[in-house]
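Enquirer: One letter stands for each residue in the lines below.
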Amino acid sequence: MTDKVEFTLAELMIVAASEAWRGDGEVLASGLGVIPRLGASLAKLTHSEGLLMTDSEAFLVEEPIPLGPRGDYQPRYSGYMPFERVFECVWGGRRHAMVGPTQVDRWGQSNLSCVGDYAKPKSAMLGVRGLPGNSINHINSFFVPAHSKRVFVEGEVDMVSGVGFKPERWNEGERNDLMEIRIVVTDLCVMDFDGPSRAARVRSLHPGVSFGEVQEKTGFPLIAAPDLRETPHPTAAQLALIRRLDPHELRATAIKGNPPGIRPAA
Amino acid sequence: MDKRMTTADVVGALRDGMTIGFGGWGPRRKPMAIVREILRSPVKDLTVVAYGGPEVGMLCAAGKVRKLVFGFATLDAIPLEPYYRKAREAGELKELMELDEGMFQWGLRAAGMRLPFLPTRCGLATDVVKLNPELRTIRSPYDDGEVLIAMPALKLDVALLHVNVADRLGNTLVTGPDPYFDHLFARAADQCYVSAERVEERLQLDAAAARSNTFERYLVTGVVEAPFGAHPTSCPSDYGWDMSHFKRYAASAGEEGGWQAYVDEFVAGGEAAYQERNGGTERLAKLPLPVF
Chain X
86 MTDKVEFTLA
96 ELMIVAASEA
106 WRGDGEVLAS
116 GLGVIPRLGA
126 SLAKLTHSEG
136 LLMTDSEAFL
146 VEEPIPLGPR
156 GDYQPRYSGY
166 MPFERVFECV
176 WGGRRHAMVG
186 PTQVDRWGQS
196 NLSCVGDYAK
206 PKSAMLGVRG
216 LPGNSINHIN
226 SFFVPAHSKR
236 VFVEGEVDMV
246 SGVGFKPERW
256 NEGERNDLME
266 IRIVVTDLCV
276 MDFDGPSRAA
286 RVRSLHPGVS
296 FGEVQEKTGF
306 PLIAAPDLRE
316 TPHPTAAQLA
326 LIRRLDPHEL
336 RATAIKGNPP
346 GIRPAA
Chain D
5 MDKRMTTADV
15 VGALRDGMTI
25 GFGGWGPRRK
35 PMAIVREILR
45 SPVKDLTVVA
55 YGGPEVGMLC
65 AAGKVRKLVF
75 GFATLDAIPL
85 EPYYRKAREA
95 GELKELMELD
105 EGMFQWGLRA
115 AGMRLPFLPT
125 RCGLATDVVK
135 LNPELRTIRS
145 PYDDGEVLIA
155 MPALKLDVAL
165 LHVNVADRLG
175 NTLVTGPDPY
185 FDHLFARAAD
195 QCYVSAERVE
205 ERLQLDAAAA
215 RSNTFERYLV
225 TGVVEAPFGA
235 HPTSCPSDYG
245 WDMSHFKRYA
255 ASAGEEGGWQ
265 AYVDEFVAGG
275 EAAYQERNGG
285 TERLAKLPLP
295 VF
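So the protein sequences, as listed, match chains X and D. Just so we're aligned, residue 86 is where the first sequence starts under my numbering, counting upward by one. Just so we're aligned, residue 5 is where the second sequence starts under my numbering, counting upward by one.
Be a bit skeptical, because a hint or two may be false.
PhoX-like, lysine-lysine: derived pairs with alpha carbons at most 25 Å apart [what the hints assert, rightly or not]:
id: 1; chain 1: D; residue 1: Lys48; chain 2: X; residue 2: Lys205
id: 2; chain 1: D; residue 1: Lys159; chain 2: D; residue 2: Lys134
id: 3; chain 1: D; residue 1: Lys134; chain 2: X; residue 2: Lys205
id: 4; chain 1: X; residue 1: Lys341; chain 2: X; residue 2: Lys207
id: 5; chain 1: D; residue 1: Lys71; chain 2: D; residue 2: Lys98
id: 6; chain 1: X; residue 1: Lys207; chain 2: D; residue 2: Lys90
id: 7; chain 1: X; residue 1: Lys207; chain 2: X; residue 2: Lys302
id: 8; chain 1: D; residue 1: Lys251; chain 2: X; residue 2: Lys341
id: 9; chain 1: D; residue 1: Lys98; chain 2: D; residue 2: Lys48
id: 10; chain 1: D; residue 1: Lys134; chain 2: X; residue 2: Lys251
id: 11; chain 1: D; residue 1: Lys71; chain 2: X; residue 2: Lys207
id: 12; chain 1: X; residue 1: Lys205; chain 2: D; residue 2: Lys71
id: 13; chain 1: D; residue 1: Lys134; chain 2: D; residue 2: Lys90
id: 14; chain 1: X; residue 1: Lys205; chain 2: D; residue 2: Lys68
id: 15; chain 1: D; residue 1: Lys98; chain 2: X; residue 2: Lys207
id: 16; chain 1: D; residue 1: Lys90; chain 2: D; residue 2: Lys48
id: 17; chain 1: D; residue 1: Lys98; chain 2: X; residue 2: Lys205
id: 18; chain 1: D; residue 1: Lys48; chain 2: D; residue 2: Lys159
id: 19; chain 1: D; residue 1: Lys68; chain 2: D; residue 2: Lys159
id: 20; chain 1: D; residue 1: Lys134; chain 2: X; residue 2: Lys207
id: 21; chain 1: X; residue 1: Lys341; chain 2: X; residue 2: Lys302
id: 22; chain 1: D; residue 1: Lys90; chain 2: X; residue 2: Lys205
id: 23; chain 1: D; residue 1: Lys68; chain 2: X; residue 2: Lys207
id: 24; chain 1: D; residue 1: Lys251; chain 2: D; residue 2: Lys68
id: 25; chain 1: D; residue 1: Lys251; chain 2: X; residue 2: Lys207
Far from chain X, some chain D residues (derived; all Cβ distances over 10 Å) [claimed, not checked]:
id: 26; residue: Met5
id: 27; residue: Ser45
id: 28; residue: Val47
id: 29; residue: Lys134
id: 30; residue: Arg143
id: 31; residue: Ala211
id: 32; residue: Ser248
id: 33; residue: Ala254
id: 34; residue: Ala255
id: 35; residue: Asp268
id: 36; residue: Glu269
Worth flagging that the hints you see were computed from the coordinates, not collected in a lab. Backbone N, C-alpha and C fix where the C-beta goes; we use that ideal spot for every residue, glycine too.
When you get a sec, could you build the whole thing from the sequences and use the hints?
Expert: Laid out in structure tokens, this is it:
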């Protein structure tokens with residue numbers, strides 16, 4: 086390889102995020118936040134053209150809409166998807182969302198509601214939003230911009246907003262076969278919950294990151310996937326698409342300090 | 005038949021302790037002129053049912069919320085609703101029913117269909133069931149035997165909505181891209197009051213325009229002409245939300261006496277003064293629609 090491509094960590098994470106949707110076929114791809122949305126858009130433009138996407142408001146589009154002010158760009162709509170229809174899609178299971186929870190635990194349970202005691206929280210956040218329903222009905226992936234024990238907590242998340250694989254949380258007769266957690270993209274690595282008994286695994290490490298560093302910043306034990314490797318670098322073609330999808334470079338503000346994709350080993 | 009009234013008439017119909025649903029979604033198309041009238045009134049001990057935006061924060065700040073039934077509270081571009089957050093972190097909201105967004109509309113739907121509950125999978129295996137012990141489960145009577153949450157009807161005494169256009173009979177139009185769940189709030193309520201950017205004598209529409217009518221006039225108790233009545237929230241296709249107002253509102257939550265200062269500046273003087281202090285109607289009409 087002669088052509089050396091430079092890229093930022095955010096761009097590496099966008100490409101990693103796009104992999105979440107590979108093979109999903111015709112489902113609604115919802116990437117919430119700059120990097121997940123760019124990841125979903127990139128997936129649709131490269132390996133997964135069957136994905137459905139919206140303008141992040143109420144209309145379906147076949148061409149992912151660039152982020153930020155649109156200038157002369159006129160979205161062309163292919164259908165209608167107001168919130169009411171999103172619920173119908175969610176409950177029917179034909180969706181894969183990537184969301185950024187405040188906490189994630191070893192069982193893949195997630196929290197968007199509050200940190201601390203529920204009655205008088207240290208930090209009140211958004212509320213559970215659609216997480217209970219999304220998590221039990223369709224595929225979800227997570228995006229974590231700052232991998233730490235504050236996010237990947239030691240015990241259970243403070244308020245279980247999204248379901249996970251903790252057997253004690255499921256009672257007899259309740260269906261847990263419609264849910265799936267695909268991947269977790271962080272600023273250090275890509276993880277999944279495909280270990281024994283759905284244990285958390287590290288699938289790939291971003292350049293310059295060691296397994297030890299990831300474990301040190303995670304509140305629960307991790308295992309290395311048998312084929313643990315380095316997270317694939319963006320190609321020049323992927324970077325060109327990312328630039329087109331993000332003309333105002335909102336991705337530069339998505340990760341603190343906008344570090345380069347290849348960081349010196351710690 | 006003439007259902008026209010004023011915001012003062014609407015608030016005059018409210019009683020302490022009522023369960024009130026607010027239409028719209030987060031910082032989008034909230035009946036804020038009516039909310040400001042509530043803030044000026046002595047009405048209290050409300051059960052507020054909402055996909056929460058600034059109306060939730062303001063009613064919390066004013067100490068009017070006894071119970072909150074919600075899935076979230078947000079200003080979108082400012083993710084955390086500042087006064088909701090303040091009330092929660094002070095432990096002031098003693099009664100909470102925090103629900104999945106989908107369960108919430110399911111509860112409104114049950115109320116509108118006069119059913120005691122509707123079954124759903126949403127909420128199972130989360131703290132939503134643990135923190136709301138009033139939620140019960142039901143087993144499917146068919147061979148599958150699946151256990152589901154029986155989402156109870158969210159019955160409302162009053163629904164308060166804001167739309168783009170209404171007429172004096174109570175016909176309404178939502179001309180923005182998303183009607184949200186206003187129709188379900190209207191169906192779930194004993195009384196429904198709708199403020200509108202424009203109230204016409206009688207709607208006489210072509211077929212395409214009539215599709216923007218999302219619920220029937222028999223659900224509507226009263227209509228109020230309230231231009232810019234959703235401000236500072238958005239009212240597409242008429243105007244966008246007011247980011248500079250939101251920033252000022254959010255900043256006030258961090259200031260000593262901030263809420264009282266906000267009330268003095270923006271609420272106490274009535275709607276005409278409110279519009280003036282936000283740059284006048286000419287500015288409000290030009291607030292750009294948000295880009296998502």
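Enquirer: Hints numbered earlier in the text: which of these fail when held up against the supplied structure?
Expert: 29 and 30
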